[in-house]
Amino acid sequence: MSAQIEEAAATGPAPRIGKGGAAPPRRGRGGGAGSVPYLLILPTVAAVVLLLGWTLVKNGLLSFQNLNKRQLIQRVTEWTGVDNYDTVLRSSEFWHVTGRSVVFTAANVVLIMAVGCLIGLLLARLGTKLRLLLSLGLVLAWAMPVVAATTVFQWLFDQRFGVVNYLLDALGWHSMAGYNWTSGQFSTFFVITVLIVWQSVPFVAINLYAATTTIPKELYEAASLDGAGTWKQFTSVTFPFLKPFFLATTFLEVIWVFKAFTQVFAINEGGPDRLTETLPVYAFQEGMGSQHFGMGAAISILTIVILLALTAYYLRLVLKQEEDEL
Amino acid sequence: MKRGLIAATGVVAMMVSVAACGSSDSDKGSADGGSKGKSLTVWFMDGSNPPGWTKAVQAEFEQKTGAKLNVQVQKWDGIQQKLTTALSESSPPDVVEIGNTQTPSYAQTGGLAQLDDLKKEIGGDWTESLNKPSVFEGKQYAAPWYAASRVVIYNKKVWADAGIKDTPKTRDEFFKDLEAIQQKGDAEPLYLPGQNWYFFDGLTIGTGADLVKKDGKKYVSNLADPKVAKAMEIYKKYQSFSKAPKDKDEATPQQADVFAKGKTGAFIGMGWEAATAVKANPEIEKEIGYFTIPGETADKPEGVFLGGSNLAISEGSKKKDLAKEFLKITLSDKNEGALAKEVGSLPNKDALLPSLKGQPAAEAAAPAAKTGGTTPLIPEWANVENAPNPIKAYMTAVLGGKSPEEAAKQVEGDMNKRLAQKQ
Amino acid sequence: MRRTLPRTVSRVWPGATAIALFAVFAFPVYWMFATAFKANKDIVSDTPVWFPTSPTFEHFDKAVSADGFWTFVGNSLTVTLVAVALSLVIALLASFAVARMRFKGRKSFILVMMMAQMAPWEVMVIAYYMIVRDVDMLNSLPPLIAIYTVMVLPFTVLTLRGYVAAVPKELEESAMVDGCTRTQAFIKVIFPLLAPGLMATSLFGFITVWNEFPMVLILNKDPGSQTLPLWLTGFRTTFGDDWGATMAASSLFAIPILVLFVILQRKAVGGLTSGAVKG
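Chains as they are written, first to last, in the numbering used here: chain A, 1 to 326; chain B, 1 to 423; chain C, 1 to 279.
Everything labelled a hint here was simulated from the structure, so no lab data went into it. A virtual CB, placed ideally from N, CA and C, is assigned to each residue, including glycine. Mixed in with the good hints, there may be bad ones.
[Unchecked claim] Straight-line alpha carbon distances no greater than 25 Å define the calculated SDA-like cross-link-like pairs of lysine to any residue that follow:
1. B:K236 - A:G178
2. B:K409 - A:H96
3. A:K58 - C:V44
4. A:K259 - C:L111
5. C:K107 - A:T250
6. B:K263 - C:S45
7. C:K62 - B:I79
8. B:K156 - C:D222
9. B:K279 - C:V112
10. C:K62 - A:G60
11. B:K261 - C:V9
12. A:K232 - C:V9
13. C:K104 - A:E78
14. B:K422 - A:K232
15. B:K319 - C:S225
16. B:K402 - A:E78
17. B:K417 - A:Q71
18. A:K320 - C:V177
19. B:K320 - C:D136
20. A:K58 - B:Q421
21. B:K261 - C:V44
22. C:K41 - B:E287
23. B:K417 - A:K232
24. B:K422 - A:Q185
25. B:K55 - C:K104
26. B:K55 - C:D222
[Stated by the list, open to error] Rough simulated footprint, nothing fancy, chain C against chain A, three-plus residues with beta-carbon under 8 Å:
27. 49-61
28. 252-263
29. 267-273
30. 300-312
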């Protein structure tokens with residue numbers, strides 16, 4: 001988690017702190033140590049191939065099958081070719097959901113990164129006591145298990161006795177007394193977004209703070225001698241220095257938000273009128289919910305493809321940079 | 001059925017431990033060799049098995065067969081996936097409870113054992129309408145266990161305060177009474193959320209509407225039918241007396257819990273939901289009354305949805321004979337009668353109806369049973385009710401101001417897709 | 001304005017903002033606990049009761065007395081601890097290779113780890129189910145442990161790689177100069193420095209595994225092998241509008257993770273930054 005900074009630092013062009021500007025890579029002991037590295041990664045590779053790869057293949061096979069209650073119970077296999085994909089790709093519903101997922105992810109990630117960075121920078125300016133206090137609040141939000149958090153947010157936004165409606169009413173927005181947050185698409189998304197941002201910001205903020213402490217003070221001093229203000233300091237020192245951190249974190253947040261299932265599902269089960277279904281929820285409803293498992297598998301494969309497309313830029317960047325590693 | 005039963009779960013929540021205390025001494029009794037030492041696994045749904053009754057049935061079964069009965073109470077979350085996957089396993093539960101609207105779709109899966117001989121032996125006088133869902137292509141795949149229909153549960157004090165002397169005999173009288181309570185202004189006349197879909201299903205039965213129609217070989221949505229629209233208008237009129245959310249069903253929040261606060265004139269629910277209310281607020285017990293949902297005219301009560309549960313034996317069970325023994329015991333007149341008495345549900349044969357005497361909820365439900373109906377009895381139907389149920393979306397749309405025609409159009413695509421889903 | 005106010009304002013605003021933010025972030029957690037301790041009449045009241053003035057344990061009683069609660073606790077602990085420990089051990093080996101060694105396929109390995117994080121678990125449940133069913137291991141904990149281990153493994157590898165890289169190579173080398181073998185150097189020098197990193201990384205694993213429920217819902221239908229998230233979600237449907245009981249259950253569910261985070265997080269961040277700056 002916090003190590004993300006290091007991970008990022010290791011993948012980026014920024015000055016390497018961790019390695020203390022170590023000399024150019026040495027061949028020999030540190031380098032191509034024969035079979036040792038392969039033995040070391042063997043358990044990971046084996047586990048991932050057996051338990052994830054195999055299942056992905058199985059899932060891929062299912063996506064070409066007509067697999068419903070009857071076939072599952074009788075354990076029969078009915079191949080249908082690309083029927084499932086054909087149906088999904090032709091349905092306007094799927095494309096709506098995809099578009100919605102992308103917009104939803106973008107909005108959330110932007111909010112998370114912006115708010116997270118601001119709070120991270122604030123942490124750096126605080127005295128020890130206040131910093132501890134704010135960190136505690138952040139850690140509490142961060143640590144809340146999703147299942148518990150969604151329950152709590154349903155209670156906070158409860159129509160009749162929810163504290164949010166009470167506060168809005170008390171603050172003078174009287175039409176919000178008794179407001180039903182799950183009655184509309186936008187308001188439902190609003191609640192989901194607040195929940196996700198609330199849970200994700202601490203990760204960004206705390207890591208950003210930890211990362212800023214690794215920036216040499218001299219850089220800031222030099223910047224302020226040049227008359228740079230807070231904003232200028234951020235753009236000319238902090239941001240370039242931590243660019244790999246931002247990229248890596250954004251990448252992770254894109255994956256996490258895009259894949260967010262429990263939050264979206266639990267708040268309103270994709271309602272009203274299926275208008276808040278994101279791709280994972282849609283795949284779940286179409287596959288598990290309607291026991292149309294082959295269809296669900298097809299949608300899940302498409303989900304992976306879309307996620308790969310969304311993160312292709314970063315993956316390429318990583319690939320390129322890994323070449324100059326070590 | 002699902003929601004109705006969920007509503008009942010509050011009652012049973014405190015007593016589900018019954019299942020756990022199955023430490024029977026199976027050596028006792030007249031065990032006939034073969035079954036001794038065996039154990040039979042039964043899935044009951046959370047809320048279906050009242051404690052006293054379950055204990056008695058368990059004791060009787062273990063005494064008679066010498067086998068052990070392992071009752072597993074299943075939660076409602078993801079029950080369909082759980083049931084489907086369980087039936088596909090090499091050692092599935094031997095006996096499962098299946099809601100009547102789900103039964104046809106499971107009958108065609110091959111996961112349920114045929115029970116034609118059992119039907120011949122003990123099912124000669126099962127009520128025809130209750131048995132229908134269990135029959136698929138002429139063969140018996142489950143046995144009717146119990147049924148229940150909705151009644152009006154009302155708060156006598158609220159009604160008396162509004163100056164109402166008698167319970168209504170027609171729908172118009174009912175509306176007048178609700179208006180009177182509204183005028184009085186102390187209480188919400190009726191608690192009816194926008195998605196009490198089984199109440200709506202009853203109204204469509206009342207107007208003689210069909211929810212699906214045949215289009216060639218396929219079934220398609222028939223929501224645009226004026227008879228459905230008429231039923232929805234009636235629902236809308238009822239709903240106008242309630243402040244309940246239009247986009248929620250009767251289980252979120254539990255309507256009985258709302259009623260328990262004493263600020264609600266009435267709600268439409270299963271008889272046993274009253275117990276949930278009493279549990280939440282014991283004070284309310286003496287105020288609770290029941291009556292049949294009145295129809296258009298006094299001679300014919302409103303159409304109701306006959307929810308119910310069936311018991312089936314899994315095809316993969318290795319103890320089918322023992323499982324049949326269990327069904328015979330569970331469905332015996334004695335135990336059917338006892339269940340009806342304990343929770344006020346309708347027994348699986350008319351001959352047992354007298355055992356409902358003195359059970360006010362059941363007495364209120366009984367008159368409507370004859371005019372009751374179910375959801376369309378086709379295997380495809382289960383897909384429609386999978387969350388998110390498009391009919392609920394239809395209801396919310398109409399209550400939100402759309403015309404029934406528009407709303408029907410809005411959900412038609414989803415509904416037809418579900419009906420056409422490959423089996 | 002800019003002349004007269006800035007000094008006080010610029011001194012006060014960070015603190016004020018920090019306190020406000022603390023309130024925003026901590027409130028939902030506070031409200032969960034507060035609700036759990038309140039009597040019902042204080043929960044459903046038109047003006048919120050901000051503090052549980054007469055705390056009651058009634059809701060907790062109700063939550064704990066659910067059937068099989070302690071079995072679920074035991075299963076959840078077993079599954080979480082074993083899966084997290086396994087993934088840490090396996091990942092540590094791999095991350096060491098990736099951070100310190102150059103070998104063919106290294107790049108593809110990293111790429112695969114990144115992509116593995118994208119697996120949509122909720123929808124792959126049925127594929128997992130069929131595999132576990134066919135090897136006849138339903139209703140047991142080992143398949144769950146294995147699946148959860150892989151679920152958190154990619155992230156763990158990538159994160160630990162950063163921590164390993166942050167340990168100055170020179171330390172390791174000087175240990176080897178002193179006559180240690182590479183393995184000894186790793187155990188004596190690097191491992192202690194990695195401890196905070198391992199803790200920080202384990203947090204992610206804990207929270208992921210502790211929360212998982214779509215998988216266990218289908219794989220383990222026998223209550224004896226189920227975990228706490230099922231209890232919590234089942235609890236929601238059973239008690240519906242009973243917010244006191246629901247919040248009590250949520251609190252019980254959240255406490256272990258909250259405690260773990262508050263203890264480990266400071267160590268982890270502190271360790272990381274000091275380790276990083278030293279280099």
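Do the hints match the structure? See the list:
no.: 1; hint: B:K236 - A:G178; verdict: holds (21 Å)
no.: 2; hint: B:K409 - A:H96; verdict: holds (19 Å)
no.: 3; hint: A:K58 - C:V44; verdict: violated (49 Å)
no.: 4; hint: A:K259 - C:L111; verdict: holds (19 Å)
no.: 5; hint: C:K107 - A:T250; verdict: holds (21 Å)
no.: 6; hint: B:K263 - C:S45; verdict: holds (14 Å)
no.: 7; hint: C:K62 - B:I79; verdict: holds (24 Å)
no.: 8; hint: B:K156 - C:D222; verdict: violated (44 Å)
no.: 9; hint: B:K279 - C:V112; verdict: violated (55 Å)
no.: 10; hint: C:K62 - A:G60; verdict: violated (44 Å)
no.: 11; hint: B:K261 - C:V9; verdict: violated (51 Å)
no.: 12; hint: A:K232 - C:V9; verdict: holds (20 Å)
no.: 13; hint: C:K104 - A:E78; verdict: violated (41 Å)
no.: 14; hint: B:K422 - A:K232; verdict: violated (61 Å)
no.: 15; hint: B:K319 - C:S225; verdict: holds (24 Å)
no.: 16; hint: B:K402 - A:E78; verdict: violated (42 Å)
no.: 17; hint: B:K417 - A:Q71; verdict: holds (19 Å)
no.: 18; hint: A:K320 - C:V177; verdict: violated (34 Å)
no.: 19; hint: B:K320 - C:D136; verdict: holds (22 Å)
no.: 20; hint: A:K58 - B:Q421; verdict: holds (22 Å)
no.: 21; hint: B:K261 - C:V44; verdict: holds (11 Å)
no.: 22; hint: C:K41 - B:E287; verdict: holds (21 Å)
no.: 23; hint: B:K417 - A:K232; verdict: violated (57 Å)
no.: 24; hint: B:K422 - A:Q185; verdict: violated (30 Å)
no.: 25; hint: B:K55 - C:K104; verdict: violated (67 Å)
no.: 26; hint: B:K55 - C:D222; verdict: holds (21 Å)
no.: 27; hint: 49-61; verdict: holds (count 7)
no.: 28; hint: 252-263; verdict: holds (count 5)
no.: 29; hint: 267-273; verdict: violated (count 0)
no.: 30; hint: 300-312; verdict: holds (count 6)
Of the numbered hints given earlier, the model fails hints 3, 8, 9, 10, 11, 13, 14, 16, 18, 23, 24, 25 and 29; all others are met.
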